[in-house]
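S.K.: Numbered by my numbering, the letters in the sequence shown go through residues 1 to 422 in order.
No lab work stands behind these hints, which were simulated from the structure alone. Hints should not be assumed to be uniformly reliable.
Unchecked claim - Calculated lysine to aspartate or glutamate pairs in the EDC-like style (CA-CA distance at most 20 Å, straight line):
1. LYS178 to GLU230
2. LYS415 to GLU405
3. LYS92 to ASP332
Claimed, not checked - Here are the simulated distance ranges between beta carbons:
4. TYR103 to MET411: 52 to 60 Å
5. GLU413 to PRO186: 38 to 46 Å
6. GLU313 to SER242: 16 to 24 Å
7. THR239 to ALA264: 33 to 41 Å
8. SER391 to VAL266: 36 to 44 Å
9. GLU401 to ARG298: 21 to 29 Å
10. ARG204 to VAL266: 13 to 21 Å
A virtual CB, placed ideally from N, CA and C, is assigned to each residue, including glycine.
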Amino acid sequence: MPGHLSLFSEQTVSLKKKTDNVLSGWAVIDLSRGKKMRKVILLLSMLYILIVISPLAATPPSGGEGLFYIQSARIIPKGFLEWYNGIHYYGKIANFEGHRKPYTLWNVQGITSFNYGLSSRFELGISPIIYQDTNKGEEEAANFPDDLLVSIKYGSIRKLESHFIFGAQLQTRIPTGKYHNIIYEPYASGRLEVGINALFSYYRNVAFLDEGWSLHGNIGYLNHYDVGKELTENPDDPTPQSMSSEILLGLGFLYPAGAFNFSAEVNGRYFLTRPPETAYSREHMTYLTAGVYYKLYRWMTIEMAFDISLQKEEDLSVYSPATGLPNPPSEDFPNYPTWRGLIGLKFNILPYLFSSSEDILLKQRTRDRRAILEKLMNEQKETEDAESELSKIRSERKRVEEELERLRQLMEEEKKKKEKDE
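Please take these sequences and the hints and turn them into a complete structure.
M.R.: Right, here's the structure in full:
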């Protein structure tokens, strides 16, 4: 047994030297000035499109790892910064009897999100809602800006060689918008809201997580802290007598196919304690979402999705003249949107824009796996089950070799790409 360990130690040292050589010899290939200018123009054009259509069209709650609504238990790597911009929208034609002209009602929300990897376990998310239709009339047509979402995610909890990853997320909604209790949007009273989510993910490919299909699940609790909050302009209307709260559930599936990823997810909100009848959105809701993600560049992804409501409940709100809650445009309007469209752009800002974040991530994974390998070698000296530890070390060495091969392939691709551009 000692002879086997000595031999493997020599192989490990050799592998470590190869890894160091690859990492130290890695050169970032500069883009030509003309190509970089074209990418800058494309970037500015896409941002312009989002800004222009945001008053017409609305988005997932936040960015970071995950699907449109379902969060992954993974966190983005330490030092990485992602910037997400998205909109989601719903529209319906309001028809009236008599001489009143029909019109199209739009409910639109625009959001931006910054997600930063604080460490190998923690991620910070800051997501201001830039625009939110209120449908309260021309003078109160929109919140610009609306509320601010802030989250801390603890994740990437995973045993060696396990397909499962676990995490948790603490999220709060800070009421920075002027108007609340908005029709066709999830209930928000205008008070500080706090929620916590349990996260799990299953990845088919344990070596390269993004190259195999994955399954993600969330279960959360949200407290609105809305006791005594007036929801309408009528002071005689009822107010919440106990804190409104919800259970949030979601399950999503992601399938990668080259430059495209495809997803399907089901998510719902179910009240434990409902707000009073002067709240617009006090019914349970469930949506099915189909999404597609296109990685235009390694640093930019275009995302599009479509929601369909799976649950139709009786409208539990009480409108004017019985209360001060304004009526929907017409009787055939639902209490929640029957469908929603979503579109978004995600950018990898750090380590740096226009760079290959994938190769940087692979280098970091190689360093992490080398550290795990060395840790396992130290631990095996202190355990009686040396054979088991040796098996783990061999498994980790195989993963390091796979990722080194991936690094070599990326270097060759970048070299060919540069020669072609020249």
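S.K.: If a hint holds in the structure, say so; if it does not, say that too.
M.R.: Hints, verified against the model:
At roughly 14 Å between alpha-carbon atoms, LYS178 and GLU230 fall within 20 Å of each other, so this suggested pair holds. Restraint check: the Cα-Cα separation between LYS415 and GLU405 comes to about 15 Å, which is no more than 20 Å; the hinted pair holds. Restraint check for LYS92 and ASP332: satisfied, since their Cα atoms lie roughly 10 Å apart, inside the 20 Å limit. Restraint check, TYR103 to MET411: a C-beta distance of roughly 58 Å satisfies the suggested window 52 to 60 Å.
Checked against the hint of 38 to 46 Å, the C-beta distance between GLU413 and PRO186 comes to roughly 44 Å, which is consistent with it. Between GLU313 and SER242 the beta carbons are some 21 Å apart, a value that agrees with the proposed interval 16 to 24 Å. The beta-carbon spacing between THR239 and ALA264, approximately 40 Å, falls within the hinted interval of 33 to 41 Å. Remark: the range hint 36 to 44 Å for SER391 to VAL266 is upheld by a beta-carbon distance near 39 Å.
Restraint check, GLU401 to ARG298: a C-beta distance of roughly 23 Å satisfies the suggested window 21 to 29 Å. Take ARG204 and VAL266: their Cβ atoms lie about 20 Å apart, and the range 13 to 21 Å holds.
In this structure, none of the earlier numbered hints is contradicted; all agree with it.
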